[in-house]
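Chemist: One line per chain: the protein sequences are A and B, in this order. Numbering follows my numbering, with no gaps: position 86 of the first sequence is 86. Numbering follows my numbering, with no gaps: position 13 of the second sequence is 222.
For the record, the hints were derived by calculation from the structure and aren't laboratory data. Watch out, some of these pointers could steer you wrong.
[To be verified] Straight-line alpha carbon distances no greater than 20 Å define the calculated SDA-like cross-link-like pairs of lysine to any residue that follow:
1) A:LYS101 <-> B:GLY272
2) A:LYS104 <-> B:THR226
3) A:LYS150 <-> B:GLY219
4) A:LYS104 <-> B:LEU276
5) A:LYS23 <-> A:THR72
6) A:LYS53 <-> B:GLY272
7) A:LYS104 <-> A:MET51
8) A:LYS104 <-> B:ILE267
9) A:LYS23 <-> B:GLY219
10) A:LYS98 <-> A:LYS150
11) A:LYS98 <-> B:GLU217
12) A:LYS131 <-> B:THR226
13) A:LYS109 <-> A:LYS53
14) A:LYS207 <-> A:LYS53
15) A:LYS101 <-> A:GLY86
[As the list claims (entries may be wrong)] Per the computed footprint, the stretches of chain A lying under chain B, defined by three or more beta-carbons under 8 Å from a beta-carbon of chain B, are:
16) 4-10
17) 34-40
18) 102-112
19) 181-191
Where a beta carbon is used, it is the ideal one built from N, C-alpha and C, also for glycine.
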Amino acid sequence: MKQRFVVEDWGLIDYADAYNRQKTCVQSVMTGEEDRLILCEHPAVLTLGRMTKPDSLLYQREDIQARGVMITSVDRGGDVTLHAPGQLIVYPIFNLNKRGKDLKVYMEKLEEVAVDLLRNFGILAISITGKRGVFVGPDKIISIGVGVRKWVTYHGLGINVNTDLSLFNLIKPCGLNVRMTSIQKLNGHVMPMKDVKIKVAELFHKKFL
Amino acid sequence: MTNIILPELGEGIAKATIACWHVKLGDSVVLGQEICEAVTDKASFVIEAPAVGRIKSISINEGEDALVGGGLGIIE
Chain A
1 MKQRFVVEDW GLIDYADAYN RQKTCVQSVM TGEEDRLILC EHPAVLTLGR MTKPDSLLYQ
61 REDIQARGVM ITSVDRGGDV TLHAPGQLIV YPIFNLNKRG KDLKVYMEKL EEVAVDLLRN
121 FGILAISITG KRGVFVGPDK IISIGVGVRK WVTYHGLGIN VNTDLSLFNL IKPCGLNVRM
181 TSIQKLNGHV MPMKDVKIKV AELFHKKFL
Chain B
210 MTNIILPELG EGIAKATIAC WHVKLGDSVV LGQEICEAVT DKASFVIEAP AVGRIKSISI
270 NEGEDALVGG GLGIIE
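Just chain A, with the same shape it has in the complex (with noise of 0.2 Å):
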């Protein structure tokens, strides 16, 4: 049987409001709601997951505060991370009860749907075994951290697309010796955000459904 999901956009949000939200969708997908699939952006945040080491932040918390750049904890896996204006976040609010109760294959899924995502805008990208998220070459582009309750996800994927990727010299992203990278680094001119956003709906209702 097919599990079908809704896509909603919600917008260029606050980081603290869309996990708010985010928590009401769990709750309702727990309780026989559709799934969803939620695209946004997020004004500069950094977010700390459940595995981020003190190293990881490369400038006083004041100092990088006073550049703009709000940091808060956050309850999924992995390291720091970097959310900013030009980052499409996509936070599948899936039913893993529904679609196979395996967090390996639900993330390997997301990797392969980042991977063509960035092969349809001339970009060949890779996963590399033991490191999640995804590549091109030695720089990261993509990001991936996910929550769990009751086997239904939030969190998700960071998919670098317009992003100043200035700000992330003030970490370690995901806590290691990376550099980031953009699509529109790569590509040389900046990416319409719409386009993307309809890429990823539709690779995920290729992978998903």
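Go by the hints and put chain B onto chain A.
Modeler: Below, chain B alone, put in the same frame as chain A:
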């Protein structure tokens, strides 16, 4: 007494790290209450109390690895 068990998380996933406990020794818990989070492979999985009672013991501390199917603590 009821063991708190790290459930099956997926094929090939043999262990997870306990990222945090939301309860401490002696706390009362109700069935289904979120009591800790296990992290594997960039995914954080919330574990719920399998029974009503008090937390009698915690065998895997924050930052330590637990085996799938293994005990994390006991509720009595």
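Chemist: Does each hint hold? Answer for all of them.
Modeler: Verification of the supplied hints:
Annotation: proposed proximity of A:LYS101 to B:GLY272 is violated, straight-line Cα distance about 24 Å (limit 20 Å). Of the supplied pair hints, the one linking A:LYS104 and B:THR226 holds, its CA atoms being roughly 15 Å apart against a limit of 20 Å. Restraint check for A:LYS150 and B:GLY219: satisfied, since their Cα atoms lie roughly 14 Å apart, inside the 20 Å limit. Annotation: proposed proximity of A:LYS104 to B:LEU276 holds, straight-line Cα distance about 16 Å (limit 20 Å).
For the proposed pair A:LYS23 and A:THR72, the alpha carbon gap of about 16 Å is at most 20 Å, so the pair holds. Distance check on the hinted pair: A:LYS53 and B:GLY272 sit about 11 Å apart at the alpha-carbon level, within 20 Å; holds. Pair hint A:LYS104 plus A:MET51 holds up; C-alpha atoms about 18 Å apart against a cutoff of 20 Å. For the hint pairing A:LYS104 with B:ILE267, the CA-to-CA distance comes to about 27 Å; that exceeds 20 Å, so the pair is violated.
The suggested pairing of A:LYS23 with B:GLY219 is violated, with an alpha-carbon distance near 23 Å, which exceeds 20 Å. Distance check on the hinted pair: A:LYS98 and A:LYS150 sit about 12 Å apart at the alpha-carbon level, within 20 Å; holds. The suggested pairing of A:LYS98 with B:GLU217 holds, with an alpha-carbon distance near 16 Å, which does not exceed 20 Å. A C-alpha spacing of about 16 Å is found between A:LYS131 and B:THR226, which places the hinted pair at or below 20 Å, so the restraint holds.
For the hint pairing A:LYS109 with A:LYS53, the CA-to-CA distance comes to about 27 Å; that exceeds 20 Å, so the pair is violated. With a C-alpha separation of about 33 Å, the suggested pair A:LYS207 and A:LYS53 falls outside the 20 Å cut-off, and the hint is violated. The hinted pair formed by A:LYS101 and A:GLY86 fails the criterion: a straight-line CA distance of about 32 Å is larger than 20 Å. For the segment 4-10 of chain A, the stated coverage by chain B is not satisfied: 0 residues place a CB nearer than 8 Å to a CB of that chain, which falls below the threshold of 3.
By the rule of at least three residues with a Cβ nearer than 8 Å to a Cβ of chain B, the coverage given for the segment 34-40 of chain A is violated, with 0 such residues. Counting residues of the segment 102-112 of chain A whose beta-carbon sits less than 8 Å from any beta-carbon of chain B gives 6, enough to reach three: the coverage restraint holds. Check result for the segment 181-191 of chain A against chain B: violated, 0 residues qualifying (beta carbon to beta carbon below 8 Å, three or more required).
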